Structure formats: structure tokens, C-alpha cells
Amino acid sequence: MRLHNTFSQYGSVAKGFHWATVLLIFATFPIGYFANGLAEQIQAPEFTGDAGLITRAAFLFSLHKTLGIAALGTAALRVLWTVTQTKPGLLHPDNAPEAMAAETVHWLLYGLMLMVPLTGWMHHAASTGFAPIWWPFGQGLPFVPQTETVAGFFGVLHWLMVWSLFATVGLHIAGALKHHIIDRDSTLRRMLPFGGPTPTPPEQTHSKAPMLIAGLAALSVLAGAQALGVFADGHTHHHADGHSHAPPVSAPIAKTTDAPDKQGWTVQSGTLEIEVTQLGGLVRGQFENWSADIDFNEPSGPGAAGAVDVVIDITSLTLGSVTSQALGSDYFDSATYPTARFTADLEKTDQGYHAIGTLTIRDQTHPLTLPFTLEIDGDTAKMQGAATVQRLDFNIGQSQPTDGTLGFDVGINATLTATRAH
Numbered sequence: 494m495r496l497h498n499t500f501s502q503y504g505s506v507a508k509g510f511h512w513a514t515v516l517l518i519f520a521t522f523p524i525g526y527f528a529n530g531l532a533e534q535i536q537a538p539e540f541t542g543d544a545g546l547i548t549r550a551a552f553l554f555s556l557h558k559t560l561g562i563a564a565l566g567t568a569a570l571r572v573l574w575t576v577t578q579t580k581p582g583l584l585h586p587d588n589a590p591e592a593m594a595a596e597t598v599h600w601l602l603y604g605l606m607l608m609v610p611l612t613g614w615m616h617h618a619a620s621t622g623f624a625p626i627w628w629p630f631g632q633g634l635p636f637v638p639q640t641e642t643v644a645g646f647f648g649v650l651h652w653l654m655v656w657s658l659f660a661t662v663g664l665h666i667a668g669a670l671k672h673h674i675i676d677r678d679s680t681l682r683r684m685l686p687f688g689g690p691t692p693t694p695p696e697q698t699h700s701k702a703p704m705l706i707a708g709l710a711a712l713s714v715l716a717g718a719q720a721l722g723v724f725a726d727g728h729t730h731h732h733a734d735g736h737s738h739a740p741p742v743s744a745p746i747a748k749t750t751d752a753p754d755k756q757g758w759t760v761q762s763g764t765l766e767i768e769v770t771q772l773g774g775l776v777r778g779q780f781e782n783w784s785a786d787i788d789f790n791e792p793s794g795p796g797a798a799g800a801v802d803v804v805i806d807i808t809s810l811t812l813g814s815v816t817s818q819a820l821g822s823d824y825f826d827s828a829t830y831p832t833a834r835f836t837a838d839l840e841k842t843d844q845g846y847h848a849i850g851t852l853t854i855r856d857q858t859h860p861l862t863l864p865f866t867l868e869i870d871g872d873t874a875k876m877q878g879a880a881t882v883q884r885l886d887f888n889i890g891q892s893q894p895t896d897g898t899l900g901f902d903v904g905i906n907a908t909l910t911a912t913r914a915h
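Numbering-wise, my numbering comes out as the position in the sequence shown, counting from 1, plus 493.
Quick caveat, the hints were computed from the structure, so don't treat them as lab data.
Keep in mind that this is a model prediction, so the values were computed, not measured.
For each residue, glycine too, the CB sits at the ideal point set by N, CA and C.
Heads up, some of the hints might be wrong.
[To be verified] Now the in silico label distances, taken between C-beta atoms and shown as ranges:
(1) G717 / Q578: 15 to 21 Å
(2) G717 / P638: 23 to 29 Å
(3) G717 / G545: 38 to 44 Å
(4) S713 / G689: 17 to 23 Å
(5) H673 / R777: 49 to 55 Å
(6) T577 / A667: 36 to 42 Å
[Stated by the list, open to error] Only pairs whose alpha carbons sit at most 27 Å apart, straight line, appear in this in silico DSS-like list of lysine-lysine:
(7) K580 / K508
(8) K841 / K875
(9) K671 / K580
(10) K671 / K875
(11) K580 / K701
(12) K508 / K701
(13) K701 / K671
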């Protein structure tokens, strides 16, 4: 069997790439489909936090992504091999409409074989997900920021490319069967591993028109999706990565109340963020709505510096793909406990500042000390602090009593800028 293509036959390398691509496509899609079904259960409000279900979903998503990377590499090698080889001629080039359709479908297949896994990889890189690609080369991509907006865009683009690929594959299969069953020619047989000898095609030339038509068809899909509001309306699409998106999603901006505090300070801006480890991956989130009532007086030396009372709107949490799960009954249970509270005394020490008090989440209250830095420039103060709490102390994620699926530590990061009122 020849390694290289001839004008009448495909070589063994081209055939190998073809059937490897077929196997990867028809393995990757159903794995992602079934994983998405599990993701819908996990994201449902009534989800109980079943660790086994989360583990199965993460396994399937990681398998899907890893096969997707393999499909991308295979497709790239296939395209590179194709452009260096003789292109086997069409057996019926005189049938101009059929020839045009066949070559257009081939160009679409090559483009989509690259775009489907590439957009999936971009979506993964932009997401704060919990199902990693099984390889040692990292999860991110250069120039792809990790934001919900970017993740939502590439998630929808991946969804469009997947279904475009399947429509194109359907046309390709229909054409192959038509040649084999109706025309009874060697079009299908010459791509089979042991297809035997095939006739020499008539002399022919290949124009660039099919490539241009394929490009216009792809642009038409995108334009149609845009016109239908797929990228902008509230339709939720599930993708094979454990994420649910309403494309595009604007990244939340943390807010605080505009009311002045008791002692003349007004919080102008700030962020209140949390980070957790899920299945070995770091997931970051933040509370959009919270208020801080601050009584601060700078002491001349170490000692008491005032007090702070922070009220947090739990329902305003965004935590990547697991927001709904985090707000559910086994976690924050925002329906029953819509707010959390941190009250503390402020102290200045030789090393810096500390807020020493208690944190209340759900029906649990525990001591918490938050070290922070403070810069005061005239009537403006900038604060930055960080602390760590244990989720089980607050009855969060009791269905996952080990840290194999969900880490015990929850990091808290707070920043704010406040001005002194006169």
C-alpha cells in the first residue's frame, strides 16, 4: 500500500488520518453530550451535592477535552499532509454541481475539524472550570483572558461549530453513500483501508471557488446566529466542559453602598472575592453586592483603631460554572440564608493592621482575623486584606466531607477605597 497519494488513490497516511479523525469525532461528541446531562443535574437548584455525580461529570468532561486536543492535533497534521500531497481527482468532474458541492464540503470539513476543538480549547482556557485537560502543558492559552464574557463567547462559538460540523459530516456521508449505492463507483472504496485498485479519474482542474463558498457558508452561520441573538440573548447553551453560559455574560463588578459610615467614611469602590479548589483546579468568584460600615481612627501607635461591620448579599455571588451549585442548599443555601456578616474590631500592630471579629455564614458564627494593609493619603484610604476559612466550619458542602473533590480552604480577598466625609 502506498504511503503517498496519487491522482487516482489516497495513500495509507491520508487514510489513517481520515479514519482517526472519524473515530475521534464520534467518540468526543457523545462523551460531551452525556457529561452535559450530568452538568445539568449538578447545576439544578435541587442538586444535593452528590460527590460521585460531580466526579463522574468531571471525568467525562476531562476525557472529552483531552480527546478534543487529540482531534485538533490530528486535524492539523491531516491538513498539513493534505497540502503536501497530490489531490486525487474526482471520478465525475463533468457533473459540475456535484463536483462543486463535494469540494465545498471538503473545505468545510477541514476548517471545522480545526475550529471545533480550537474554540472548545479557548472556551476551556477562558473558564474557571473544574475539569482539566489530561496533559502536562497547562490549561490556559496565550492571549485568552480568563473571564466569563470571553468564556461565554467561545462557548457559544464552539456550540455553533460542533453542530455545523455534524451537518457537514452528514452531507459528506450522504455523498459517499450516493456514490457507493446509486452511482456504484469507487469514490468510497478508495478511502477504505483495503479498497483495492480504483480507476484513473478524468483530467481536471480545481478552482478556488469551493474554498470561497465554504468560507461564505461559515460566515453565514455566524451572521445568522448573530441575527437570531444567539450571542446576545438569554438562551443558555451547555457545552462539553462543565459550564453553562448565557452568551455573552458581562463580568460582574463588585459594588458597595454609597451611604456614609457612622464616623465619616464612605466606601467608594471595592471587591470581595473568594477562591476554592475543586478537583485540583482553582475557581474564583466574587460577591457583587455588599456594604461596609467603618469606624476608623488612626492611632499614634499600636492599639485600637475602630470597628467594621460588613453585610454580604450571598445571592449576588458569581463563581464561574458552579454558581448555581454554590448557592444551593448544601452550600451557601442562599434561599434560607441570603446574607452573611463580618463584624470586627480594628487594631494596629507593629506588623500592620488586623480586623479581629466573627464571621457568620448560614447559621454558623466563628472567629475570624483578617490581616490587611492600609494606605491613607489625605482623606482617601485604600485597604487590601486576605484570610482563609474552613468551609465545613460553616456547614458548607457537608456532602463532600473530604477535600478530594472540594477543598476545605476557602480564600477571602477584600479591597476597598474609602473617603473621609467632612
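Going through the hints against the structure:
1. For G717 and Q578, the hinted distance range of 15 to 21 Å is not satisfied, since their beta carbons lie about 34 Å from each other.
2. Restraint check, G717 to P638: a C-beta distance of roughly 27 Å satisfies the suggested window 23 to 29 Å.
3. Hint check: G717 to G545, Cβ distance near 41 Å, so the stated range 38 to 44 Å holds.
4. Evaluation of the 17 to 23 Å hint for S713 and G689 yields a failure: the beta carbon distance comes to about 40 Å.
5. Between H673 and R777 the C-beta distance comes to about 53 Å, which sits within the given range of 49 to 55 Å.
6. The beta-carbon spacing between T577 and A667, approximately 29 Å, falls outside the hinted interval of 36 to 42 Å.
7. For the suggested pair K580 and K508, the alpha carbons sit about 13 Å apart, so the restraint of at most 27 Å is met.
8. Of the pairs offered as hints, the one joining K841 and K875 holds, with about 15 Å between alpha carbons and a cut-off of 27 Å not exceeded.
9. As the CA atoms of K671 and K580 are separated by approximately 21 Å, the hinted pair is consistent with the 27 Å bound.
10. Straight-line distance between C-alpha atoms of K671 and K875 comes to about 71 Å, which puts the hinted pair past the 27 Å bound.
11. Only pairs whose Cα atoms come within 27 Å are accepted, and K580 paired with K701 is accepted, the gap being roughly 14 Å.
12. The suggested pairing of K508 with K701 holds, with an alpha-carbon distance near 24 Å, which does not exceed 27 Å.
13. Note on K701 and K671: the hinted pairing holds, with a Cα-Cα distance of about 25 Å set against a maximum of 27 Å.
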